[in-house]
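J.: As given, the protein sequences belong to chains A and B, one line each in that order. Per my numbering, the first sequence starts with residue 1, numbered consecutively. Per my numbering, the second sequence starts with residue 141, numbered consecutively.
In short, the hints are calculated from the structure, not lab data. The C-beta atom is built at its ideal place from N, Cα and C for all residues, glycine as well. Take these hints with a grain of salt, some might be off.
Derived PhoX-like pairs (lysine-lysine); straight-line CA-CA distance at most 20 Å [what the hints assert, rightly or not]:
id, chain 1, residue 1, chain 2, residue 2
1, A, LYS122, B, LYS178
2, B, LYS237, B, LYS252
3, A, LYS13, B, LYS178
4, A, LYS110, B, LYS252
Okay, the calculated beta carbon distance ranges per label pair [to be verified]:
id, chain 1, residue 1, chain 2, residue 2, range
5, B, GLU295, A, ASN2, 41 to 51 Å
6, A, ASN134, B, LEU319, 49 to 59 Å
7, A, GLY55, B, THR283, 53 to 63 Å
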Amino acid sequence: MNSYKLKIITPEKTFFDGEVTQIVVRTSEGNAGFLAGHIDYVSNVVSGPLKVRVGEDKVYRTAAVSDGIIIVSGGDVTILPESAEWSDEIDLERAERAKNAAEERIKASKKSDSEFDMAQIKLKRALTRISVYNQTHTQQ
Amino acid sequence: MASANIKDVKRRIKSVESTMQITKAMELVASSKLRRAKERAAQSRPYFNTLYETIKNISKDNAFKGISKSLKERHALMIVIAGDRGLAGGFNHNVLKMAVEKIKALEADGYKVSVMPVGKKAVEYFRRYNYPVFREYQQVAETITAYDCIELSEELVLKYTRGEFGIVELCYTTFVNTLSQLPKSVRILPLSIDDNTGDTKEEKSNEPESEGKKYSASVLYDPSPEEVFELLLPKYFAGIYYGAVVDSYAAEQAARRTAMESASDNAQEMIDNLSLLYNRARQAQITQELTEIVSGSIKNSD
Chain A
1 MNSYKLKIIT PEKTFFDGEV TQIVVRTSEG NAGFLAGHID YVSNVVSGPL
51 KVRVGEDKVY RTAAVSDGII IVSGGDVTIL PESAEWSDEI DLERAERAKN
101 AAEERIKASK KSDSEFDMAQ IKLKRALTRI SVYNQTHTQQ
Chain B
141 MASANIKDVK RRIKSVESTM QITKAMELVA SSKLRRAKER AAQSRPYFNT
191 LYETIKNISK DNAFKGISKS LKERHALMIV IAGDRGLAGG FNHNVLKMAV
241 EKIKALEADG YKVSVMPVGK KAVEYFRRYN YPVFREYQQV AETITAYDCI
291 ELSEELVLKY TRGEFGIVEL CYTTFVNTLS QLPKSVRILP LSIDDNTGDT
341 KEEKSNEPES EGKKYSASVL YDPSPEEVFE LLLPKYFAGI YYGAVVDSYA
391 AEQAARRTAM ESASDNAQEM IDNLSLLYNR ARQAQITQEL TEIVSGSIKN
441 SD
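Chain A with its partners taken away, still in its complex shape (with noise of 0.2 Å):
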């Protein structure tokens, strides 16, 4: 399988720098795979897991990946999340901490407050965290 260039660009640092084979990553319309020779494209990546497959491994390795952007061009795919973990290393007592603060400022405010905006981001990511580490978890 050919390959191409991979790179995951997240505020803190560049996540990942390399060449794969294929990556499935969670877009605003579903999930989608990528493969070499891409036509140049741009979409929205929402709170998800992000599988990666690096030459003719059959395991893909899994991330979970927030809000962000993914590029393609000229073939070489750019992803840019607000955040990146590696499913192995996902802190997840500290995924369910965050995740029960945002539930109670969820409740604790009103529906047109800009801060109950904010929590549901901050549980969406929590959740994908959660989500993600539990489905690599149950698999191995």
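Given chain A's structure and the hints, the job is docking chain B onto it.
T.: Relative to chain A, chain B alone:
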């Protein structure tokens, strides 16, 4: 009389010496913090640069009316970034002075201006002069993450799209080099990419020209350019804000380093002068004592 003078001078030398120790230490701390601030700014640059390129290309390919709406709202938000601490020369004063000028200009245009001070010195200033404060942040510059900025900017963009603010301006100090820092103001919302290219050029100029050419007009935006743009906007704004906070922090450290350097130099000069004075007084005392002994012995031998 002479011995009292000697004591005084000695005490003063001691006090200047201990002040100098403090200014020396602050100088060292400031220069190491400056180095770290520069590194931090470099870390997040790839992320925001790529965002910037993408948002530029989208708005080049597509003409929107959506987000860059007309200025119907007569409410403006002024974000002012200053330091948390003093003893940095004219650093805080310069940026605050500029912010007040900008606020006056906006008010003259008929805007109601709220202030969002960032940094303890800015917070204290705007509180003292009773400006309407939208929100305040203290002690954040040293530990701020890009993540915090994205949260804040998502909220501000939300408020902007709901029409709570018609204009958002940003006042901060930019780090030119270790010797000079300049206060600067940028209008970030309503967004117009063309205006912003001028402001952000310095950061981007090191990028090769070909970067922009790689995107063709046939890029497929999914689901639509507008929706991609809407998602990008708060992140883009966060990039500017984060850049400004880090920039201002670096400028603060540089200003403090320079101020402390000259304070140490002045202290050294004072010590030199006082030592001279001390030695002279000591000599005078010895001479006087000798004269007294000699004149005493002359009298005795008579």
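J.: Against the 20 Å threshold, does the CA-CA distance of LYS110 (chain A) and LYS252 (chain B) hold or violate the hint?
T.: It is violated: about 26 Å lies between the C-alpha atoms, which goes past 20 Å.
J.: Going straight from one Cα to the other, do LYS122 (chain A) and LYS178 (chain B) come out at no more than 20 Å?
T.: This hinted pair is violated, its Cα atoms lying about 30 Å apart.
J.: Does the hinted range 49 to 59 Å hold for ASN134 (chain A) and LEU319 (chain B) at CB?
T.: holds, 55 Å
J.: For the hint 53 to 63 Å, verify it against the beta carbon of GLY55 (chain A) and that of THR283 (chain B).
T.: Given about 40 Å between the Cβ atoms, the range is violated.
J.: Given the hint that LYS13 (chain A) pairs with LYS178 (chain B), does the C-alpha gap stay at or below 20 Å?
T.: Holds, at about 15 Å.
J.: Assess, step by step, whether the Cα of LYS237 (chain B) is no farther than 20 Å from the Cα of LYS252 (chain B), and give holds or violated.
T.: Satisfied, since the Cα-Cα distance of roughly 19 Å is no more than 20 Å.
J.: Assuming the hint says 41 to 51 Å, is it satisfied by the Cβ distance from GLU295 (chain B) to ASN2 (chain A) or not?
T.: holds, 43 Å
Checked against the numbered hints given earlier, this structure breaks hints 1, 4 and 7; the rest are met.
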